[in-house]
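2 protein chains.
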Amino acid sequence: MAVTAVPFPLPRDACSIAGSLELVGERWSLLVIREVAWGNHRFSDIARGTGAPRDRLTARLNALVTAGVLEKRPYSDSPPRSGYHLTAAGRDLLPVLQALLQWGDKWVAAEPPLRLKHAPAGHPEHAIDAEWICRTCGEPATGSRVTRELTPAGRALSGLPADEDHDHEH
Amino acid sequence: MAVTAVPFPLPRDACSIAGSLELVGERWSLLVIREVAWGNHRFSDIARGTGAPRDRLTARLNALVTAGVLEKRPYSDSPPRSGYHLTAAGRDLLPVLQALLQWGDKWVAAEPPLRLKHAPAGHPEHAIDAEWICRTCGEPATGSRVTRELTPAGRALSGLPADEDHDHEH
DNA sequence: CGCTGTCAGTTGGGAAATCGAACCGAGGAG
DNA sequence: CTCCTCGGTTCGATTTCCCAACTGACAGCG
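Protein chains in written order, with the working numbering: chain W, 1 to 170; chain E, 1 to 170.
One or more of the hints may lead you astray.
Claimed, not checked - Label-pair ranges, simulated between beta-carbon atoms: (1) W:Ala-121 x E:Ser-82: 27 to 35 Å; (2) E:Asn-62 x W:Ala-59: 37 to 45 Å; (3) E:Arg-56 x W:Lys-117: 32 to 40 Å; (4) E:Asn-62 x W:Arg-42: 35 to 43 Å.
These are calculated hints, taken from the structure and not from any lab test. C-beta atoms are modelled at their ideal positions from N, C-alpha and C, and glycine is treated no differently.
With the sequences and hints as input, model every part of the structure.
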């Protein structure tokens with residue numbers, strides 16, 4: 001294993017990227033999450049902030065709620081109204097948004113409309129310049145330093161024999 | 001500035017996330033980039049690896065090429081064939097894929113089909129567990145430690161006065 | 001030479017998602 | 001009573017998507 005070139009016969013959906021995109025890869029979904037993360041919890045605010053058509057927004061919000069990324073929380077009784085908030089799973093999507101934002105700032109926008117700042121405890125605020133670092137060894141974890149291997153589950157998904165080294169059925 | 005709640009009147013597209021998603025947010029685009037990053041450069045391999053319909057794949061590949069994320073490179077003359085390769089911009093999308101994969105492994109797949117490993121120079125290979133770290137200060141750069149402010153460009157995009165502190169017109 | 005196969009797309013027709021604008025219903029506010 | 005806000009629905013027109021079949025250029029075989 002540990003290959004840069006194509007390692008095994010293409011596990012079509014045997015990769016969590018596909019799974020993630022099925023939940024948050026449709027149009028508007030990530031922008032909705034951006035809006036909620038930025039503190040816009042109400043339907044109308046999200047609609048304005050994203051520019052999504054209201055019926056699409058309804059669909060995406062419901063999908064994200066059933067996906068467990070957002071939750072609906074009432075904020076008023078008299079006119080019964082609820083807003084949308086990030087769940088733990090939703091908060092864990094912020095790195096995805098951050099990656100997209102950093103990429104867009106670098107490659108899309110001539111002049112980024114928004115600047116991210118970093119305000120860590122005990123440090124002065126400064127422009128952010130983030131990279132993926134491995135918690136285990138403290139080294140950068142991107143590109144060619146990252147390799148991948150199929151788990152047994154992945155093997156099953158892609159229709160490969162359970163294990164090719166030993167233990168293949170009689 | 002530096003707010004967690006909604007900081008300014010919703011700059012609808014004034015955010016590079018929207019720009020990024022316009023280039024790589026359509027269906028199949030990120031999976032195509034995944035395939036190419038994994039060493040599948042040929043049309044048929046990408047089609048098989050992603051499961052995308054061939055006409056959609058044609059459309060996405062062309063879009064990604066004109067977006068500057070992929071480039072078409074001939075790999076055979078006699079039957080004139082070309083494959084697709086990542087540009088620098090394309091390689092910079094890998095953190096996005098990695099973020100999606102980590103998220104999916106955590107929240108979508110009961111048992112991840114693919115396991116990412118980290119093989120840094122001079123360290124033994126081990127399972128990856130990455131987080132965003134700020135290159136400037138070395139501190140984690142996610143969640144509430146990250147704030148944002150509108151640049152002049154963003155201000156213009158969202159139709160706000162050039163600067164609200166001083167220097168506002170007459 | 002004909003036959004088969006590979007590869008990179010096209011083409012065509014139907015199904016599904018998307019869009020914008022208008023509409024709705026429950027509740028204040030004046 | 002009338003107007004307004006908020007959170008959606010509904011509608012018809014457009015766009016995108018999917019699938020399966022097809023094309024065209026070439027290679028290899030007999």
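Outcome of the hint check:
no.: 1; hint: W:Ala-121 x E:Ser-82: 27 to 35 Å; result: violated (51 Å)
no.: 2; hint: E:Asn-62 x W:Ala-59: 37 to 45 Å; result: violated (29 Å)
no.: 3; hint: E:Arg-56 x W:Lys-117: 32 to 40 Å; result: holds (39 Å)
no.: 4; hint: E:Asn-62 x W:Arg-42: 35 to 43 Å; result: holds (39 Å)
In this structure, the hints that do not hold are numbers 1 and 2, in rising order.
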